[in-house]
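K.L.:
Listed here are the chains, written in short residue letters.
Protein chains: 2
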Amino acid sequence: MAKNFGIAIHGGAGTIRPQEMSSVKEKQYKEALEEAIQAGYDILNHQGTAMDAVEKAVCILEDCPLFNAGRGSVFTSDERHEMDASIMDGKTLEAGAVSLVKTVKNPIKLARVVMEKSGHVFLAAEGAEAFAKEMGFEQMDQDYFYTDFRYNQLKLAQASNQVILDHSSDIEKKFGTVGAVALDQYKNLAAATSTGGMTNKKYGRIGDTPLIGAGTYADNRTVAISCTGSGEYFIRNNTAFHIHSMMLYGKKNLVDSAFHVVQEELKSIGGDGGIIAIDHLANIHFEFNTEGMYRAARSSESNLFIGIYK
Amino acid sequence: MAKNFGIAIHGGAGTIRPQEMSSVKEKQYKEALEEAIQAGYDILNHQGTAMDAVEKAVCILEDCPLFNAGRGSVFTSDERHEMDASIMDGKTLEAGAVSLVKTVKNPIKLARVVMEKSGHVFLAAEGAEAFAKEMGFEQMDQDYFYTDFRYNQLKLAQASNQVILDHSSDIEKKFGTVGAVALDQYKNLAAATSTGGMTNKKYGRIGDTPLIGAGTYADNRTVAISCTGSGEYFIRNNTAFHIHSMMLYGKKNLVDSAFHVVQEELKSIGGDGGIIAIDHLANIHFEFNTEGMYRAARSSESNLFIGIYK
Chain A
1 MAKNFGIAIH
11 GGAGTIRPQE
21 MSSVKEKQYK
31 EALEEAIQAG
41 YDILNHQGTA
51 MDAVEKAVCI
61 LEDCPLFNAG
71 RGSVFTSDER
81 HEMDASIMDG
91 KTLEAGAVSL
101 VKTVKNPIKL
111 ARVVMEKSGH
121 VFLAAEGAEA
131 FAKEMGFEQM
141 DQDYFYTDFR
151 YNQLKLAQAS
161 NQVILDHSSD
171 IEKKFGTVGA
181 VALDQYKNLA
191 AATSTGGMTN
201 KKYGRIGDTP
211 LIGAGTYADN
221 RTVAISCTGS
231 GEYFIRNNTA
241 FHIHSMMLYG
251 KKNLVDSAFH
261 VVQEELKSIG
271 GDGGIIAIDH
281 LANIHFEFNT
291 EGMYRAARSS
301 ESNLFIGIYK
Chain B
1 MAKNFGIAIH
11 GGAGTIRPQE
21 MSSVKEKQYK
31 EALEEAIQAG
41 YDILNHQGTA
51 MDAVEKAVCI
61 LEDCPLFNAG
71 RGSVFTSDER
81 HEMDASIMDG
91 KTLEAGAVSL
101 VKTVKNPIKL
111 ARVVMEKSGH
121 VFLAAEGAEA
131 FAKEMGFEQM
141 DQDYFYTDFR
151 YNQLKLAQAS
161 NQVILDHSSD
171 IEKKFGTVGA
181 VALDQYKNLA
191 AATSTGGMTN
201 KKYGRIGDTP
211 LIGAGTYADN
221 RTVAISCTGS
231 GEYFIRNNTA
241 FHIHSMMLYG
251 KKNLVDSAFH
261 VVQEELKSIG
271 GDGGIIAIDH
281 LANIHFEFNT
291 EGMYRAARSS
301 ESNLFIGIYK
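In the order they appear, the protein sequences are chains A and B.
Going by our numbering, the first residue of the first sequence is number 1, and it counts up by one from there.
Going by our numbering, the first residue of the second sequence is number 1, and it counts up by one from there.
Some clues are possibly wrong.
Intra- or inter-copy, both count: the list cannot distinguish identical chains.
[Unchecked claim] Taking lysine to any residue pairs in the SDA-like style, the calculated list, with each CA pair at most 25 Å apart, reads: (1) 91 - 253; (2) 105 - 140; (3) 310 - 263; (4) 25 - 35; (5) 202 - 140; (6) 25 - 307; (7) 117 - 270; (8) 105 - 38; (9) 252 - 221; (10) 3 - 283; (11) 187 - 269; (12) 102 - 80; (13) 91 - 268; (14) 25 - 65; (15) 251 - 264; (16) 133 - 161; (17) 117 - 78; (18) 102 - 202; (19) 30 - 63; (20) 3 - 48; (21) 91 - 267; (22) 202 - 94; (23) 25 - 38; (24) 202 - 119; (25) 202 - 139; (26) 117 - 269; (27) 102 - 77; (28) 155 - 134.
Hints listed in this document are in silico derivations from the structure and should not be mistaken for laboratory results.
These figures come from a predicted structure and were not determined experimentally.
One chain only, chain A, in its complex shape (with noise of 0.2 Å):
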């Protein structure tokens, strides 16, 4: 058994500025963020898979309203939602992604099972949901999905008459996705990703959280990413995919690639947002151009770290 464990998960990355957050707020995501953390080490500590731990700290990211994934996913301009996931496993390179899904509480498990038993990686809208019943999944009501915080950001779009991704004023840009990468005791590696989409959204937009690749991408040999941020950017950079094929072509290490896509790649055609990573060998990395990105990191090596701010 390898000593080297750990997770790292994010609650989206953005214009997250310390003035404008209050103390209440503040402690709310804090503690969210504790909570899926520890969750996924304890799976690890216990001698768990990392796609157990990934699964299971995206699922309580997804539950809790604060973030725009499951629960509180942000309104399409008919006033749904809409959602989207991803999760890859390191080892054997499978992966399950779900797209427009509209009633499935967590739609991270969904993409597992599309995995695990539909014998393809990616299913979308009407046919996901399908697939969904078929496999047991509990169809949940709108009103699941209902905030009031989310539905005024709507309204407020909507008068705006603009596609905006997850911000609460005009200065606030922030991208509400949620994900976590996780390295287990068996040097397995894999990355989750999930989000509620862009409040006021129309055509069935997809965004980089289900695409393999772009959103999320998990490879033994090197790292396993999860990204946040203006989604048509990170599929044009194929973000995630693009960090492992430098650290594994480009032979360069963790934070130079994350710097390099992040920083420089990403950044040369306008994208905004950030990743968190973990390498084969526990490194954990969070890589961003944005002013903050809700995140938290514990490995076997280090302990509890949460951060928001730059």
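Once you have looked at the hints, place chain B on chain A.
P.N.:
Same frame as chain A, but now just chain B:
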């Protein structure tokens, strides 16, 4: 103006054997490939753009009922058609993609309009249809997409309870995606891919074709790639971006990169199919691990090439 320019296209890869191909059928395929490659080449030769050349070549292949894209698309389990397409501009790294589109004659044209006018990269299902309607795309009847050949394939698949890729007999396995890659006289690269998916598919399955980085990628620094094959494996392997990143970060040439990604990395997880590529110096390359791939190429430096078997 650079001297070197060129274009390559594919009409799918798989178990394609001379002993199972009639001379009439072979002639039809070759004529269709020649028409598409010539149309793309003419655009480049008259100083048109790589984006226009790949869009035009793919449109011609979509309109030809021989190929599983556009008009010749296979049937889903409920006797409908769900088509996917994507396009990418190697100069700007802008991209557009659509998935689960049911009524659009040329999905590749819709992908380009998504890129140019939606503010997004990837639209799917009903939303993509609504966007197409707003943009003035004609809605085709389901009759337009009907072919006896594909309908019989569905009935065969349903009789054997199989989700199959595009095969017409048990020993034949074909991936009928179409695609094009080009370099224009302005030294800009572009790639485009389009598919009708899998016969008898359910659950809104999305393959690699509409995924930027998996089925399609172009970057002026390196290469333009379009893929065809067992989509799930191409997603997990991030095939198109994979070849690009090996060239960019691993400093390998196109031939070595394509060989490693298709014959080693992709094969090691069980994926079969192939890729077409053109690099920034107009070197054209085909790489496939199946028995055949419908393909053609023409460049300012080389005569017309049309191939089917290995």
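K.L.:
All the hints need checking, so say for each whether the structure fits it.
P.N.:
The hints, checked one at a time:
1. 91 - 253: For residue 91 and residue 253, the Cα distance is within 25 Å only inside one copy (20 Å; across copies 28 Å).
2. 105 - 140: Result: close within a single copy only, 6 Å intra versus 36 Å inter.
3. 310 - 263: within (14 Å within a copy, 43 Å between copies)
4. 25 - 35: So residue 25 and residue 35 pass the 25 Å test inside one copy only (15 Å; across, 63 Å).
5. 202 - 140: both (22 Å within a copy, 23 Å between copies)
6. 25 - 307: This pair counts as within: shortest intra-copy Cα distance 14 Å, inter-copy 64 Å.
7. 117 - 270: between (38 Å within a copy, 17 Å between copies)
8. 105 - 38: Within one copy only: 21 Å inside, 52 Å across.
9. 252 - 221: both (13 Å within a copy, 19 Å between copies)
10. 3 - 283: within (13 Å within a copy, 48 Å between copies)
11. 187 - 269: Only across copies: residue 187 and residue 269 sit 19 Å apart there, 35 Å inside one copy, limit 25 Å.
12. 102 - 80: Both: 8 Å inside a copy, 23 Å across copies.
13. 91 - 268: Close across copies (13 Å), not inside one copy (32 Å); limit 25 Å.
14. 25 - 65: For residue 25 and residue 65, only the intra-copy Cα distance (12 Å) is at most 25 Å; the inter-copy one is 59 Å.
15. 251 - 264: Both ways: residue 251 and residue 264 sit 18 Å apart in one copy and 19 Å across, limit 25 Å.
16. 133 - 161: Result: close only across copies, 20 Å inter versus 35 Å intra.
17. 117 - 78: Cα proximity of residue 117 and residue 78: across copies only (21 Å, versus 32 Å in one copy).
18. 102 - 202: both (14 Å within a copy, 18 Å between copies)
19. 30 - 63: within (15 Å within a copy, 56 Å between copies)
20. 3 - 48: Within one copy, since 13 Å is at most 25 Å while 59 Å is not.
21. 91 - 267: between (31 Å within a copy, 16 Å between copies)
22. 202 - 94: Answer is between; shortest inter-copy Cα gap is 20 Å, intra-copy 31 Å.
23. 25 - 38: For residue 25 and residue 38, the Cα distance is within 25 Å only inside one copy (20 Å; across copies 62 Å).
24. 202 - 119: Cα proximity of residue 202 and residue 119: across copies only (11 Å, versus 29 Å in one copy).
25. 202 - 139: Close inside one copy (23 Å) and across copies (20 Å); limit 25 Å.
26. 117 - 269: between (37 Å within a copy, 17 Å between copies)
27. 102 - 77: both (14 Å within a copy, 22 Å between copies)
28. 155 - 134: Only across copies: residue 155 and residue 134 sit 23 Å apart there, 35 Å inside one copy, limit 25 Å.
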